[in-house]
Amino acid sequence: MRSSLLAVALVLATAAPAFADDPVVTITLKDHAFTPSEVPVPAGVKVKLVVSNQQPTTAEFESHALHFEKIVGAGGQATVFVGPLTAGSYEFFDDFHKDTRGHLVVK
Amino acid sequence: MLPTAIIVFREVLEASLIVGIVMAASRGALGRGLWVSGGVAAGALGACLVALFAATIAAAAEGMGQELFDAGILFAAVGMLGWHNIWMSRHGRELASHAAQLGNAVRSGARPLWALAFAVALAVLREGSEIVLCLYGIALGGNGGPLAMAAGGVIGLALGIAAGTAIYWGLVSIPMRLLFAVTSWLVLLLAAGLASQGAAFLMQADLLPALGSNLWDTSFLLSDQSLAGRVLHTLIGYTAQPAGIQLVFYAATLLVIGGLMRLVGAGEHTASGKPRGGSAVSPAE
Numbered sequence: 001m002r003s004s005l006l007a008v009a010l011v012l013a014t015a016a017p018a019f020a021d022d023p024v025v026t027i028t029l030k031d032h033a034f035t036p037s038e039v040p041v042p043a044g045v046k047v048k049l050v051v052s053n054q055q056p057t058t059a060e061f062e063s064h065a066l067h068f069e070k071i072v073g074a075g076g077q078a079t080v081f082v083g084p085l086t087a088g089s090y091e092f093f094d095d096f097h098k099d100t101r102g103h104l105v106v107k
Numbered sequence: 108m109l110p111t112a113i114i115v116f117r118e119v120l121e122a123s124l125i126v127g128i129v130m131a132a133s134r135g136a137l138g139r140g141l142w143v144s145g146g147v148a149a150g151a152l153g154a155c156l157v158a159l160f161a162a163t164i165a166a167a168a169e170g171m172g173q174e175l176f177d178a179g180i181l182f183a184a185v186g187m188l189g190w191h192n193i194w195m196s197r198h199g200r201e202l203a204s205h206a207a208q209l210g211n212a213v214r215s216g217a218r219p220l221w222a223l224a225f226a227v228a229l230a231v232l233r234e235g236s237e238i239v240l241c242l243y244g245i246a247l248g249g250n251g252g253p254l255a256m257a258a259g260g261v262i263g264l265a266l267g268i269a270a271g272t273a274i275y276w277g278l279v280s281i282p283m284r285l286l287f288a289v290t291s292w293l294v295l296l297l298a299a300g301l302a303s304q305g306a307a308f309l310m311q312a313d314l315l316p317a318l319g320s321n322l323w324d325t326s327f328l329l330s331d332q333s334l335a336g337r338v339l340h341t342l343i344g345y346t347a348q349p350a351g352i353q354l355v356f357y358a359a360t361l362l363v364i365g366g367l368m369r370l371v372g373a374g375e376h377t378a379s380g381k382p383r384g385g386s387a388v389s390p391a392e
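Here the protein sequences line up with chains A and B, keeping their order. Letter 11 of the first sequence, counting from 1, is numbered 11 in our numbering, and no numbers are missing. Letter 46 of the second sequence, counting from 1, is numbered 153 in our numbering, and no numbers are missing.
Source of the hints: derived by calculation from the structure; they are not laboratory data. Every value quoted in this text rests on a predicted model; they were computed, and no experiment measured them.
No farther apart than 16 Å at their CA atoms in a straight line, the calculated lysine to aspartate or glutamate pairs in the EDC-like style are these:
hint	chain 1	residue 1	chain 2	residue 2
1	A	LYS30	A	GLU60
2	A	LYS98	B	ASP331
3	A	LYS48	B	GLU169
Whenever a hint applies, use it, and build me the whole structure from the sequences.
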């Protein structure tokens, strides 16, 4: 029990600093397109992605490679954390409009 | 019509596969149909409520309410499936060997079918709320009118249910004495996959570290977005690019539920004079 509490504390301790100074990237979703559709982010650090849904309909911001799925209401904003990532291109999409896609380009 | 059909099919497929496995796992148990259909109905009702309050849920916990809610549902389902498996590891053998006898069918009323019903309700709630939100969006977008949408919904629903029915009939064609072993493995892997999905939600909310965001990539073999990839994602938690923390949760679920099944099942094997490897495990551990 004691060791599992310690493990939880460790996990929380390593996770906590993300709120402080991780890079923040804002992506806009409008007319069924992401802007920018190629999003440059640095490698090796956790990144905070903020998606702003400027459409009259609900979207689901999702990525298999980046392990997130989040409902974003019409006119709403949502935040997800990704990484730290190695260099490469990672696809994300609107699960409610599969043709709406973009990439995180990690360098 | 087509977009509606595809979306409904995708979400129904996941819930339907879980219902199919649960129905096969509870074969021969008294009142299972009522429990499972009750679970589906409760889940559908819950899905509408969740969709209605989606914005409120999302805004909770400093914008991370949706993650906590989803992770909570997933871990609750893992607990329910695990509990049923552990219970079955003690009583499954007697149920299987005397399945035809009425007395045992009545006694199987003690079986925690509520746990399976609850797991089904949670699966339907999660997938159903996405259907409601997405269809609402399509309706607002005015794609083809209500009739086309309804037709698409019915087609998607029918195909999704057909997939669950197929896995059910596939499973019940297995001889009864093997069925419990097969379904308990399936339920165990299903639970591990759900735990790994739950871990991903906590990672996206920054409540858990990734421990390696993409340990490997098997998308060249099987893409997450293919039909087979989706089916395996639901059944065994397949993901082409797993994060380290997902592996930790997957393995921990297998070890904890599997370990408890052995531990609890060991007593029964010894009592029935058929000790197996598992009986060497002492309860003190």
